[in-house]
Every structure is written in C-alpha cells, then in structure tokens.
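Participant: One-letter residues, chain by chain:
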Amino acid sequence: MQPRSATRDANGAAATDGIDPAGPDALTRPPRLSARLAAWLEASPRYVYLLPAIGIVLFLSIFPLIVSLYLSLASIRLVRGGFEIRFVGLDNYRKLFVGDTQRHFLGRFGDYNLLTLTILTFVLAVLIFLIARYIANNGFKLFGTSLRVLTAIIAFGLIWLVVMTYLSGGLPGTLVVTMTFVFVGVVVQFLLGLGLALLVTQNLRGKRFFRVVFLLPMMITPVGIGFLFRMMTDTLQGPIAPLWVALGLEDFSWTQTAFGARSAVIIGDTWQWTPFIFIVLLAALEGVPREPIEAALVDGANEWQAFRYVLVPYLMPVSLTVIMIRIIEGFKIIDMPQVLTRGGPGTATESVTLQAYNSWRALDLGGSSAMAYMLLFVVTFSAVVFVNFVRKRVLEHP
Amino acid sequence: MKKFMALASGLVLVASGTGNLATAQSGEFDGVEVNLVTFTGPQIAEPLQRRAPEFNELTGAQVNVITVPFADLFQSILTDQLTGTNSYDAFVFAPQWMVDYLSGGVLEDITDRVNNDPDLEWDDVGQFFREFSATFEGSTYTIPLDGDFHMVYYRTDVLEQLGMDPPQTWDDYLAIAEAANGQDMNGDGSGDFGSCISKVRAAQAYWWITSIAAPFIQTQGTSEGAFFDSETFEPLVNNPGFIRALEIYQATNEFGPPDEQNLDVGGTRALWQAGRCALTLDWGDIGTLAIDPEASIEAVQTGTGAIIAPGSTEVLDRETNELVPCDEQTCPYATDGVNHAPFASFGGWSGGISAAASDEVKDAAYAFFSYMSQPAQSNVDVTIGASGFNPYRTSQFENLQPWLDAGFTDEGAANYLGAIQDSLNSPNMVLDLRIPQNARYQQVILDTVLSQFLAGEFTAEEAAQEIFDQWEGVTEELGREDQLAAYLGTLGTITGGD
Numbered sequence: 350m351q352p353r354s355a356t357r358d359a360n361g362a363a364a365t366d367g368i369d370p371a372g373p374d375a376l377t378r379p380p381r382l383s384a385r386l387a388a389w390l391e392a393s394p395r396y397v398y399l400l401p402a403i404g405i406v407l408f409l410s411i412f413p414l415i416v417s418l419y420l421s422l423a424s425i426r427l428v429r430g431g432f433e434i435r436f437v438g439l440d441n442y443r444k445l446f447v448g449d450t451q452r453h454f455l456g457r458f459g460d461y462n463l464l465t466l467t468i469l470t471f472v473l474a475v476l477i478f479l480i481a482r483y484i485a486n487n488g489f490k491l492f493g494t495s496l497r498v499l500t501a502i503i504a505f506g507l508i509w510l511v512v513m514t515y516l517s518g519g520l521p522g523t524l525v526v527t528m529t530f531v532f533v534g535v536v537v538q539f540l541l542g543l544g545l546a547l548l549v550t551q552n553l554r555g556k557r558f559f560r561v562v563f564l565l566p567m568m569i570t571p572v573g574i575g576f577l578f579r580m581m582t583d584t585l586q587g588p589i590a591p592l593w594v595a596l597g598l599e600d601f602s603w604t605q606t607a608f609g610a611r612s613a614v615i616i617g618d619t620w621q622w623t624p625f626i627f628i629v630l631l632a633a634l635e636g637v638p639r640e641p642i643e644a645a646l647v648d649g650a651n652e653w654q655a656f657r658y659v660l661v662p663y664l665m666p667v668s669l670t671v672i673m674i675r676i677i678e679g680f681k682i683i684d685m686p687q688v689l690t691r692g693g694p695g696t697a698t699e700s701v702t703l704q705a706y707n708s709w710r711a712l713d714l715g716g717s718s719a720m721a722y723m724l725l726f727v728v729t730f731s732a733v734v735f736v737n738f739v740r741k742r743v744l745e746h747p
Numbered sequence: 434m435k436k437f438m439a440l441a442s443g444l445v446l447v448a449s450g451t452g453n454l455a456t457a458q459s460g461e462f463d464g465v466e467v468n469l470v471t472f473t474g475p476q477i478a479e480p481l482q483r484r485a486p487e488f489n490e491l492t493g494a495q496v497n498v499i500t501v502p503f504a505d506l507f508q509s510i511l512t513d514q515l516t517g518t519n520s521y522d523a524f525v526f527a528p529q530w531m532v533d534y535l536s537g538g539v540l541e542d543i544t545d546r547v548n549n550d551p552d553l554e555w556d557d558v559g560q561f562f563r564e565f566s567a568t569f570e571g572s573t574y575t576i577p578l579d580g581d582f583h584m585v586y587y588r589t590d591v592l593e594q595l596g597m598d599p600p601q602t603w604d605d606y607l608a609i610a611e612a613a614n615g616q617d618m619n620g621d622g623s624g625d626f627g628s629c630i631s632k633v634r635a636a637q638a639y640w641w642i643t644s645i646a647a648p649f650i651q652t653q654g655t656s657e658g659a660f661f662d663s664e665t666f667e668p669l670v671n672n673p674g675f676i677r678a679l680e681i682y683q684a685t686n687e688f689g690p691p692d693e694q695n696l697d698v699g700g701t702r703a704l705w706q707a708g709r710c711a712l713t714l715d716w717g718d719i720g721t722l723a724i725d726p727e728a729s730i731e732a733v734q735t736g737t738g739a740i741i742a743p744g745s746t747e748v749l750d751r752e753t754n755e756l757v758p759c760d761e762q763t764c765p766y767a768t769d770g771v772n773h774a775p776f777a778s779f780g781g782w783s784g785g786i787s788a789a790a791s792d793e794v795k796d797a798a799y800a801f802f803s804y805m806s807q808p809a810q811s812n813v814d815v816t817i818g819a820s821g822f823n824p825y826r827t828s829q830f831e832n833l834q835p836w837l838d839a840g841f842t843d844e845g846a847a848n849y850l851g852a853i854q855d856s857l858n859s860p861n862m863v864l865d866l867r868i869p870q871n872a873r874y875q876q877v878i879l880d881t882v883l884s885q886f887l888a889g890e891f892t893a894e895e896a897a898q899e900i901f902d903q904w905e906g907v908t909e910e911l912g913r914e915d916q917l918a919a920y921l922g923t924l925g926t927i928t929g930g931d
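The listed protein sequences correspond, in order, to chains A and B. The letter at position 282 of the first sequence is residue 631 when you use the numbering used here, and the numbering goes up by one with no holes. The letter at position 115 of the second sequence is residue 548 when you use the numbering used here, and the numbering goes up by one with no holes.
By construction, these hints were calculated from the structure, which means they are not laboratory data. In this text the structure is predicted, and so the values were computed from the model without any measurement. Idealized CB from N, CA, C, for every residue including glycine.
Cβ-Cβ distance ranges computed for the label pairs, FRET-style:
#	chain 1	residue 1	chain 2	residue 2	range
1	B	Asp792	A	Ala632	53 to 61 Å
2	A	Asp600	B	Glu657	40 to 48 Å
3	A	Asp460	B	Glu909	24 to 32 Å
Could you put together the complete structure from these sequences and hints?
Facilitator: Here's what the structure looks like:
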C-alpha cells in the first residue's frame, strides 16, 4: 500500500523522486477531505463492503424477524380503523405446548408399550454414552458439556415425540408430520439422485437426453406439481383413472388414509426435488479424477470397494452440503400438502408451515408467528446438529 | 342450447337498453379501471368476467376480475387493505366477513348510493339478503349478487325405483343413501354412490355440519341461534344434538365416493352431473347445473329434485342437555313433527367497495355491482349453472319465464324454487355466524377438527369437545362480552320467515 499522503498527484500519478509537483508545502499541509475519505475507505474495506450488505440483511431479514418475535408474544385484533396489538407474553407458545392447539401441533400421545420403552431406553443410552465420551475425551468443560446436554435433551424430546405418536397408538401433530416429510423425503431423494447421477456418468447411449429429462421436474412450479399429482392420484375422475380401474383400485383413494396421503406427498416432493440432488451430485461426480479409481481397480479393488473407499470420500462434502440444504428447505414444505391434500385427511399431511399459514389467514397472527418461531428453532437446531456433530465427524473420519 | 338462449336473452335485454346502469351514462367511466377480487371459482367469477366487457362497452369502465382460492380470499382482501397496498378496489365475498372488514375500515358505506338508485330495485331483493347479508348496524355495505341456502338434492328416478320418498329427516337421508348405494344410476354398468358430499379441508366443506346439526339444536326460531348459548356464549357443540350430527356426517362416508374427503364442491357437482350420486347436500347451484345438457346426463337433467334440508324428530333440550322428542313446546315450528332449521349458509356472494379507492373508482365499482344485481342481468344469471349465482330477488321466484328459458320444466322450476322458498320463509332459519374473527372459529378450527374427525383421529364426542375447547380459547382471547354482544346483535337483525 502507498503512503497515505504526498505520494500521488491529483491524477493519481505516483511521485517518484520525493519532489511533490503540488509544491513544497504539500508535504506539511493536511490532506483534503476527499483524500482523507478515500484513504479511510481504502483502509476500512470491512466497513465499506459489509455495511450495505449488513444494512440490507437487517432491514429485510433481522428486522422482520424481531417484529414477528414480538407478534408471537401478542394477540392481534381488528378495531375500527386499524388493529390492536395486545401483549400476551408466552401465551401463544403455551397453547402450542400445553394448550388447546397442543394436539394439533405436537400430536396426541399414546401409552408406553414394550416397543416404545425399548426404543426410548436405547436412544437415551446412546445420548448418555455420547456425552460421557465427550467428557472422557475432553474433560468437563462447562460450556461444551452444557451445550451437548441441551442438544441431547432436545434430540431426545423430538425422538420421544415421534415414538409416542407413531408407535404408541397416538397421532402425530404437524411437527412430527413435517419431520416425516423431511427425513423420509431427503433419504429417498438422496438415494435416487445419487443413483441417477451414477447412471448418467456411465458410458450409456442417450445419457445427454436423460440428463435433461431428469432435470425437468425441477423446472416446474411446485404448485403445478401439486396439481399434477392431485390429478394423478384421483382414482375416480383423474386422467389415469382407467389405469386405477384396470388395476382394480377404483375403490382405493390415496388421500383417504394417513399413510396413502403422506406417501403421495413424499412421492410428489421426491419427484420435484430429486433432480436438484441429481444435478449437484452429477457435477461432483464429473469433478472426481479418474486416476485414484483406476489405481484402486488396478490394485485389486472391486467396483463396490472403489465406490465405497474412493468415490464416496470425494462425494462426501458435496453430499452433506446438499443434504443440509434439503433438510432446511424440507422443513418449510407447504406447497405439496396444500395443493395435493390440503393437509388432510384430518391433519395427516399438514406441515407446520401449513398450520401457521392456516392460522395466519384467519387473523391469528400471534399463533401463526409462534408456530413459525418453533419451526425456525427446529430447523436451526437440526442444521446446527448436522453441521457440528454429523458433517464434522464424517469429514474428519470418512 | 337453452343455456345459450338464456344468455342471449340477457344480452338482448342489455342491447335494447333494458339493462339500466344506475347513474352511469355511456362513456361516463372512460379510462376508469376497477380491480375486483373474488374467489377462483369458476362459479361466481364467471358472471363477473362475462359481464365486465359488457359493462366496459356501456360505460367505458374497465373491470379487471382477479381471483384467489376461496381459503385465501378473506385474508387476501384484509391484508391488501390494511397494509395500504390497496390493489383491490372492489370485492365479491362472503357477507359473514363483513364484521371484520368493517372493524378494519375496509368497506365503503353505500347506504346513500343504494337509496338513490331506483334501477337497483332494492325492494325486490329478498328481505333476508337486504337486511342481513348487505347490512350491518343499520348501514348498507354490500350489494347481494347471490342467494344461498343449503338444500338436499335427490334423484327422482332412483327414489321412484326404490319406492322411497325424499328425505324429511337426516335418518331418512341415511336410509335412502344406504338403499341407493352401489346401484348403477347412470347406465355405465358400474355401481354408483348413495350420497356425495364435499368434505375436503380448506374449502367450503365445513358449512355442512351446521345444516345437519341445526335441526337438533335450534327450535325456537331464528333469534335463538344455533352456534352459541345466548347467555353464556358457550359453544353449542358439546351436546347430544351436535354429536348426533357428527355421527350422521360420518355415516354418509359409507355411501360416498372413496376420495370424498378430498373432493370440493366442484368435484361433487361433477359427480352429480355424471349421474353418480343419489343424494347430495349443496347450495342452489345443483338445480341449474343439472339442466345443462352439455355437462349433465339426461337422467340428471330430468331427474333432479330439491327439498329443504332435512330436519329432526328429536331436539336438544338446552336445560337438561339431552335430546327430547319434538312436540308443540319443544318444536313450535315443526312440520309433521319434524323440526327443520334451514341454514342460510354464506348469505350469498355480495359486492363491496374499498373505502380507500378514489371517488371515480368507487362510482364505477358501485355502478358495476348495481348493473350485476339489476333484474335484467341477475334474473338471467341465476338461471345459469356456471354462474354460481342462486335466486335472491322476489321477482326471481315470481317470474318463472327465465327459468323455463334456461331449460327447466314447469314442475322442475316449481320444485327447485319451492325448496329455496321453504328455507327462506322458515321462521326457524339459521343465520350465518357473523362475529369478529368468525373465520378463525369456523374456517380454521371447525374445518380442521371436522377433517380430523372424518379421518378417524377423533370420536364424535372427542371432536365435539375439541371444537368446544378451541372455540372457548378464541373467545377468551377476544373477550367473551364483546363476542356475545356481536352475536346477539346479528341474531336480532332479522326474525326469519319474512
């Protein structure tokens, strides 16, 4: 970097021999305001480049987040000429956890049985083991240990919810339904996307054509896909109703049972999002050098071993990133259940976002904001756990 | 062809100058644009979209009809207006929402305009629609474009074959549905359905339960109310009458299409027109859709009958919270021992104007609604099935000619209009729930719990308790006294039967 003053003339040409063309006083005269500003800007790139971005983020993201946090602690009602916001504290959250919308949000819990007790005991044991191992390896650190205990409690709570609603004769609420869509959907989408990506990297005829075809669902609007699947799952009047009849399924309805409706939503979501995983993994696969794989094969590895021990480590960073993006995105699912089943039958396919949306459109802005905040919490928790405990561990020990 | 003739006769009326335009003169609204929002339809949006170009030719005003899904309409209007976006100048919506729109200052008071508009023929609009649907606390805010009552439709040929009469009670309804279920009613060789009722969530399905429950719950006339106790404002759902209604509602599943829980009214109406249902519960739309030769099979065109929504021979004693038989005291308005409580559900799609619109846009929007509602247009539109508009003017019940032009037989028109009039004239008619945040009570809580109940997530008793608890939660939040006052205010609006 050049000295701050007396080294450039008005046109920016550097003074070369110590003689300032501006005159003999130029070295002692304080620099002009514009020069000082330019110098400050040059010396403070972090403010220059970051401040506008921070300002925009604050305005578009953080500020609404704070306002919606306040709304989640309030009740809103229309009054003549406007609306009235009344602070109600944690009442909207109380309703979700122990109040009149608990069954809708968390679900209805069944009784403990041998299966649920076994699973929960096992999960508890694993979590305690992980914490104990952390303390044994790192010693007792208040912050680190507290964080892990808190994580374990939340993780156990979420698993308890799933077990006590699905496996004990209870009914899953929108939170568990959303987690079902996310975890089942992402696993299926990843396996399919990986399979398709591996397929089109083979030396097959027409692979360019299939690359384009496999991408098509991603180009269609989600609502369009919802309607497409809604028509196709209509066994009475849909375009493929004759096929359902030919298969003897004219009395079957995808959307009449919780299992069928959830399956239809996951199938539609998978059709929509597999191409995203496919295209990312395809790009990653095409960037993998051939030499290590060929070397492994020459050294006697079979195809599976080459895939598992050479290809998978190369794909792992991209795979974990794409899974995390899909998990975050998946938690916000609303279009498919809204269009395909409208959250039904009952609340079998209602996601948290759809529940929040339904409340919002009936003026329950406080309740809706509280649901949105709970979703934000679960998404953030899942992402943080994934990054800190899964991604880091897998990348360190592929 | 008949439908075409009905349309053509309407156009001729317009061309000959019979279609008046309130105060609007030719070219008066040149360059004025009105953005009007309603629901996706195609019904309701259809006549607005069809009439807008006519209106443009007559006055120069450009009416843009914007549509959003039914479940989004309430909030879409409210958000647009309360945030000051004001992208909508006029709305065609459920009058039930008027109370919330007025609280937000969304609607323009059109009392003076209506009073000074002889072409509207305001007195020809049925009293219920004038004084309840269009009015709030003595001022007029909307122009009715539609009249709504729930009725039961039946296939006359199927009932004749079964040797059964049209249903007087809900037990009759279930008996007919059971007997007809599985019979081939459209000649395609496959079995059809005893009952088709739209039950999908987030649409208009939550209205039916009130039609089923009302005859068990309301007996002492319209001002008694069927939703809340008029002293304590406790919901009238956790009682044997409502639970019996839930059981009936669920029992109809056995005789319906396999994906009934995913059908909206468009779906059930299509099934009716295809001749696949012996019974259905619907607004007035089925009557006019059934005569459409392009969409309905012949057996449906000639064999669709309508009757007032079924009643009950047992009713709720609110003192003892038990069902008791109908007698002169318990059911003073009963007919042949059957208590009917026809539900004026929805109250008819109505047009309102944004208070935030400019004066010239308000004038144009009013002129458009007036034009739509004037007998020259509306008496034709209510005979067209695709319009979604049902009769609401006295002249529409008295002059049968438009109905005959549209394709009804004398007997068919008398039967259809008679069923509506029986409901409209009932002294025990049930008024729509018009209290603050009614959408939250019905469109969210009632709709969701009913769907959960149909899906087997709740028993009837649990569902009733769930609705009770959640409605009580909303009432506690909004203030019991305020809600009660609003409820009593609407009940006192009209006595029914006039």
